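The listed protein sequences correspond, in order, to chains A and B.
At position 485 of the first sequence the residue is numbered 678 (the numbering used here), and the sequence of numbers has no breaks.
At position 52 of the second sequence the residue is numbered 245 (the numbering used here), and the sequence of numbers has no breaks.
Take these hints with a grain of salt, some might be off.
Within a straight-line C-alpha distance of at most 30 Å, the following computed DSSO-like cross-link-like pairs (lysine-lysine) qualify [unchecked claim]:
| id | chain 1 | residue 1 | chain 2 | residue 2 |
| --- | --- | --- | --- | --- |
| 1 | B | Lys515 | A | Lys670 |
| 2 | B | Lys247 | A | Lys598 |
| 3 | B | Lys278 | A | Lys670 |
| 4 | B | Lys405 | B | Lys422 |
| 5 | A | Lys450 | B | Lys310 |
| 6 | B | Lys204 | B | Lys247 |
| 7 | B | Lys247 | A | Lys445 |
| 8 | A | Lys655 | A | Lys638 |
| 9 | A | Lys670 | B | Lys670 |
| 10 | B | Lys598 | A | Lys668 |
In short, the hints are calculated from the structure, not lab data.
Here the structure is a predicted model, which is why all the values come from computation and not from measurement.
Number of protein chains: 2
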Amino acid sequence: MAITNPFIESKLKSPEEVALALPRHVTLGCSGFTPAGYPKIIPPAFAKRIESEKKEGKDFSINLYSGASTGEELDGALARSGALKLRIPYQSNSYLRNLINEGSVDFIDMHLSHVVKYIEHGILPSIDVAIVEAVDVTADGKIYLTTSSGMSATYLLNAKEIYIELTDIHPAELKGYHDIYLLPHHSRTLPINIVSPEDRIGTDYIQVNPDKIKGIVRSSVPDSASEFKAPDSDCIAIANHVLSFIQDEISKGRIPKDYLPFQNGVGNIANAVLASMAKNDDFHEIQMYTEVVQDSVFDLIDAGKLKFASTSALTFSKLGLKRFHQNISQWKSKFIIRPQEISNHPEVIRRMGLIAMNTALEADIYGNVNSTHVMGSSMMNGIGGSGDFTRNSHLSIFMTPSLAKNGDISAIVPFVSHTDHNEHSTMVIVTEQGLADLRGCPPKKRAELIISKCAHPMYRSKLLEYFEKAKELSKGKHTPHYLEDSLSWHIRFLKTGSMK
Amino acid sequence: MAITNPFIESKLKSPEEVALALPRHVTLGCSGFTPAGYPKIIPPAFAKRIESEKKEGKDFSINLYSGASTGEELDGALARSGALKLRIPYQSNSYLRNLINEGSVDFIDMHLSHVVKYIEHGILPSIDVAIVEAVDVTADGKIYLTTSSGMSATYLLNAKEIYIELTDIHPAELKGYHDIYLLPHHSRTLPINIVSPEDRIGTDYIQVNPDKIKGIVRSSVPDSASEFKAPDSDCIAIANHVLSFIQDEISKGRIPKDYLPFQNGVGNIANAVLASMAKNDDFHEIQMYTEVVQDSVFDLIDAGKLKFASTSALTFSKLGLKRFHQNISQWKSKFIIRPQEISNHPEVIRRMGLIAMNTALEADIYGNVNSTHVMGSSMMNGIGGSGDFTRNSHLSIFMTPSLAKNGDISAIVPFVSHTDHNEHSTMVIVTEQGLADLRGCPPKKRAELIISKCAHPMYRSKLLEYFEKAKELSKGKHTPHYLEDSLSWHIRFLKTGSMK
Numbered sequence: 194m195a196i197t198n199p200f201i202e203s204k205l206k207s208p209e210e211v212a213l214a215l216p217r218h219v220t221l222g223c224s225g226f227t228p229a230g231y232p233k234i235i236p237p238a239f240a241k242r243i244e245s246e247k248k249e250g251k252d253f254s255i256n257l258y259s260g261a262s263t264g265e266e267l268d269g270a271l272a273r274s275g276a277l278k279l280r281i282p283y284q285s286n287s288y289l290r291n292l293i294n295e296g297s298v299d300f301i302d303m304h305l306s307h308v309v310k311y312i313e314h315g316i317l318p319s320i321d322v323a324i325v326e327a328v329d330v331t332a333d334g335k336i337y338l339t340t341s342s343g344m345s346a347t348y349l350l351n352a353k354e355i356y357i358e359l360t361d362i363h364p365a366e367l368k369g370y371h372d373i374y375l376l377p378h379h380s381r382t383l384p385i386n387i388v389s390p391e392d393r394i395g396t397d398y399i400q401v402n403p404d405k406i407k408g409i410v411r412s413s414v415p416d417s418a419s420e421f422k423a424p425d426s427d428c429i430a431i432a433n434h435v436l437s438f439i440q441d442e443i444s445k446g447r448i449p450k451d452y453l454p455f456q457n458g459v460g461n462i463a464n465a466v467l468a469s470m471a472k473n474d475d476f477h478e479i480q481m482y483t484e485v486v487q488d489s490v491f492d493l494i495d496a497g498k499l500k501f502a503s504t505s506a507l508t509f510s511k512l513g514l515k516r517f518h519q520n521i522s523q524w525k526s527k528f529i530i531r532p533q534e535i536s537n538h539p540e541v542i543r544r545m546g547l548i549a550m551n552t553a554l555e556a557d558i559y560g561n562v563n564s565t566h567v568m569g570s571s572m573m574n575g576i577g578g579s580g581d582f583t584r585n586s587h588l589s590i591f592m593t594p595s596l597a598k599n600g601d602i603s604a605i606v607p608f609v610s611h612t613d614h615n616e617h618s619t620m621v622i623v624t625e626q627g628l629a630d631l632r633g634c635p636p637k638k639r640a641e642l643i644i645s646k647c648a649h650p651m652y653r654s655k656l657l658e659y660f661e662k663a664k665e666l667s668k669g670k671h672t673p674h675y676l677e678d679s680l681s682w683h684i685r686f687l688k689t690g691s692m693k
Numbered sequence: 194m195a196i197t198n199p200f201i202e203s204k205l206k207s208p209e210e211v212a213l214a215l216p217r218h219v220t221l222g223c224s225g226f227t228p229a230g231y232p233k234i235i236p237p238a239f240a241k242r243i244e245s246e247k248k249e250g251k252d253f254s255i256n257l258y259s260g261a262s263t264g265e266e267l268d269g270a271l272a273r274s275g276a277l278k279l280r281i282p283y284q285s286n287s288y289l290r291n292l293i294n295e296g297s298v299d300f301i302d303m304h305l306s307h308v309v310k311y312i313e314h315g316i317l318p319s320i321d322v323a324i325v326e327a328v329d330v331t332a333d334g335k336i337y338l339t340t341s342s343g344m345s346a347t348y349l350l351n352a353k354e355i356y357i358e359l360t361d362i363h364p365a366e367l368k369g370y371h372d373i374y375l376l377p378h379h380s381r382t383l384p385i386n387i388v389s390p391e392d393r394i395g396t397d398y399i400q401v402n403p404d405k406i407k408g409i410v411r412s413s414v415p416d417s418a419s420e421f422k423a424p425d426s427d428c429i430a431i432a433n434h435v436l437s438f439i440q441d442e443i444s445k446g447r448i449p450k451d452y453l454p455f456q457n458g459v460g461n462i463a464n465a466v467l468a469s470m471a472k473n474d475d476f477h478e479i480q481m482y483t484e485v486v487q488d489s490v491f492d493l494i495d496a497g498k499l500k501f502a503s504t505s506a507l508t509f510s511k512l513g514l515k516r517f518h519q520n521i522s523q524w525k526s527k528f529i530i531r532p533q534e535i536s537n538h539p540e541v542i543r544r545m546g547l548i549a550m551n552t553a554l555e556a557d558i559y560g561n562v563n564s565t566h567v568m569g570s571s572m573m574n575g576i577g578g579s580g581d582f583t584r585n586s587h588l589s590i591f592m593t594p595s596l597a598k599n600g601d602i603s604a605i606v607p608f609v610s611h612t613d614h615n616e617h618s619t620m621v622i623v624t625e626q627g628l629a630d631l632r633g634c635p636p637k638k639r640a641e642l643i644i645s646k647c648a649h650p651m652y653r654s655k656l657l658e659y660f661e662k663a664k665e666l667s668k669g670k671h672t673p674h675y676l677e678d679s680l681s682w683h684i685r686f687l688k689t690g691s692m693k
């Protein structure tokens, strides 16, 4: 059902009209977080205009800012236009990723909790135009977002001009899911009054000056989250190791019986953990304080176990979205969507004592974790919120299958080729092989645990060989390394296609 | 003037009596933070007992926990006894450092804000005996600490037995400087009500069960902080770069005119920054929310510029201590001493928007910083609070002279041999050569800035050579590396004694 009012009617434009009105050299601040709630109509129209005007010799340059990753209609379309110059703060589009790794698009890989300040303080090029997906807009400038909050509020408030994609894909009852709260960034702040995931401290809309709204485009395109895949045996094995560990922590009194809230990253492993919790009789009344909720949350709901989930995005598959729409009124008591500065805020994360579960690309024998750079140089997606959560959570768990590329890559290496989370902050590493609890262990003990519990048997003796050589030849015996060989696994992979 | 009361009199023991009462296999939780307020009488007596009983074939093992570094009478004496097995969470004693790097003492290098939880949750071996320096003890078990807070409250509350070194080195007016506040660690917490460095939320004493106090030893030994050295030209150059940068940030509206509070690390560079602020007419009403205050604070006081300093330790030289004693009543309005969990708490650090200034051992061309591991393997002191502050501050600045070992080491390298603070969290790098503001820069831009602004001219062309080679040969061009050469500078140093 298309929402309307005289203000909306007065602002309606075609996507082509908006595309034509956009500056050729522009910094765009777009809605969207892990492809939820991003604009899907204006960017492809803009890309089309660029394509045609480039033939006439006109040049374009776009800086694209979002909350986190978006979909093909935004990241893909603008990347393919050839006009994209700078992208922040996270992406996961394969075409764009290739441009970044060829060196033709600049990418700034940021802690998601830092982005608001960098915008407010003018550290990054300032926002010319905000394009956000909304479910409603009022004549006095109240904008109601769709399935993500991300950076939208900040981009709307800082943009010179605003364009809205007014979608009819969601029922009007989506209004009320958001809790928009912005921190002052030019003065001291007071405590953020969130002590539990369900606490509301803001408004369910963003108030802008309505004069800045230069056009509204109607949209019926859904978010493009990928279909939910059943977890494979590695993911299930990892999930089981994690759950046993958490049960053990509860029995030791380190996690209260009513649980600390969970943060879990995106992807199959994170989904498997929630699916396993849903099936496990020892888990109940689950709370989440996280940045993305995916279809796996339905397992918890079906099992009657979801107490509450605070997130910055509801990233559902087509089937998941249908289910969400069917229950949209009732589930307002189950979900809050927050700006990423609040979902990822160190203050709230430390206070709530989150259990943070994120995916590693690789980890080394001492517990340093690489989440971003393949072979030290090629960007995968970005650090996203993993640094915000890892550094300040009660428990920081990193999960990865022990092998990648059919066994040609070991996720456990002598020395990570890039460090996103270091030995001081990584508390637990889990692969399908097992779990290494690194807390309270000096470096050499950590190496023994990681090699014996987490490494794949195919690489275990090779890792032990490195560790023994390092202990023998390293000048310093605190964290022994034999630097000649430290990066040799990565070098071998780059040369031969295998770490073997 | 020796404080006394009937309870104290009833508990008085000689250091030798206490030493004899200590278990042979013991976990000690001691007061002390950056050598301030640590026990100085009992540990040497214990070391003497160990020495003599070892000759009789008896074996000893000690786990030593403190707030941060301590003095020779504690770290040195116990390390020399040969009985030290485990040390947490920070140290700076040269004899102990050697044992750690030989591999004969285990050291767990921890974020200082994590230590309380690791103790409360029994992740580390539990505390048998607490030994703390105090200025007063009451019959009902109120303990008044001396010049540091650190971990003392947690160790006192968790120890089975308590010994006190009651010092007469400080006037009784030291009572009132502390603000002891402990967070619950087995349940949810509420906001910490500190919004400004001077906010008091706790008590000025630690309440223990007086039955646990097994002995009190009188002491007249002062803290052993080293004498204050006048900053050299490199330190002054670094300080001037930092101040110009901060002035520029103020003019851009990124730092409020009444300033955000400063955190500054230990050492000559940090001292030079404060000394330069004292002399610079643009700086006034300085606030600090930090973990250590050193003699350099007197420069601010003399210039009438110190508004307030919150710290976990007052680490003064002999002359500095004399001055502190002369003004001890009056300066209660200038200083608070807090437990390290609060001085280093992410919630308070992010809320106040600290300007964090810490020392790097080395930084690489992309902005990753090594604070702890010489050539990747040998422990210097530890990460201390640098991770707590860097990750959550408003501005994270790393400072280092561009050269070490008479030019044989370049502090700017192609690839750090250990990462304590990564490219996502390091905002500014400064050497005597200049300052690189890395915020909002993609990786290759960061490399250009760091090489041109921070590297010593002696190494600049070599770094550029690496960077050019990496850009040419790296498969991924986002963060180009040529892994064959990445650690070659460190390997060369280990083989030849020089990176040249």
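Results for each hint:
1. Pair hint Lys515/B plus Lys670/A does not hold up; C-alpha atoms about 41 Å apart against a cutoff of 30 Å.
2. About 56 Å separates the Cα atoms of Lys247/B and Lys598/A, which puts this hinted pair outside 30 Å; it is violated.
3. Taking the CA atoms of Lys278/B and Lys670/A, the gap is near 15 Å; set against the 30 Å cutoff, the hint holds.
4. Using a Cα cut-off of 30 Å, the hinted pair Lys405/B and Lys422/B is violated, with the two alpha carbons roughly 42 Å apart.
5. Using a Cα cut-off of 30 Å, the hinted pair Lys450/A and Lys310/B holds, with the two alpha carbons roughly 17 Å apart.
6. Under the criterion of a C-alpha separation no larger than 30 Å, the hint pairing Lys204/B with Lys247/B is consistent with the structure, at around 29 Å.
7. Our distance criterion of 30 Å between C-alpha atoms is broken by Lys247/B and Lys445/A, whose separation comes to about 37 Å.
8. Between Lys655/A and Lys638/A the CA atoms are separated by roughly 17 Å; this keeps the pair inside 30 Å, and the hint holds.
9. For the hint pairing Lys670/A with Lys670/B, the CA-to-CA distance comes to about 35 Å; that exceeds 30 Å, so the pair is violated.
10. For the hint pairing Lys598/B with Lys668/A, the CA-to-CA distance comes to about 17 Å; that is within 30 Å, so the pair holds.
Checked against the numbered hints listed earlier, the structure breaks hints 1, 2, 4, 7 and 9; every other hint is satisfied.
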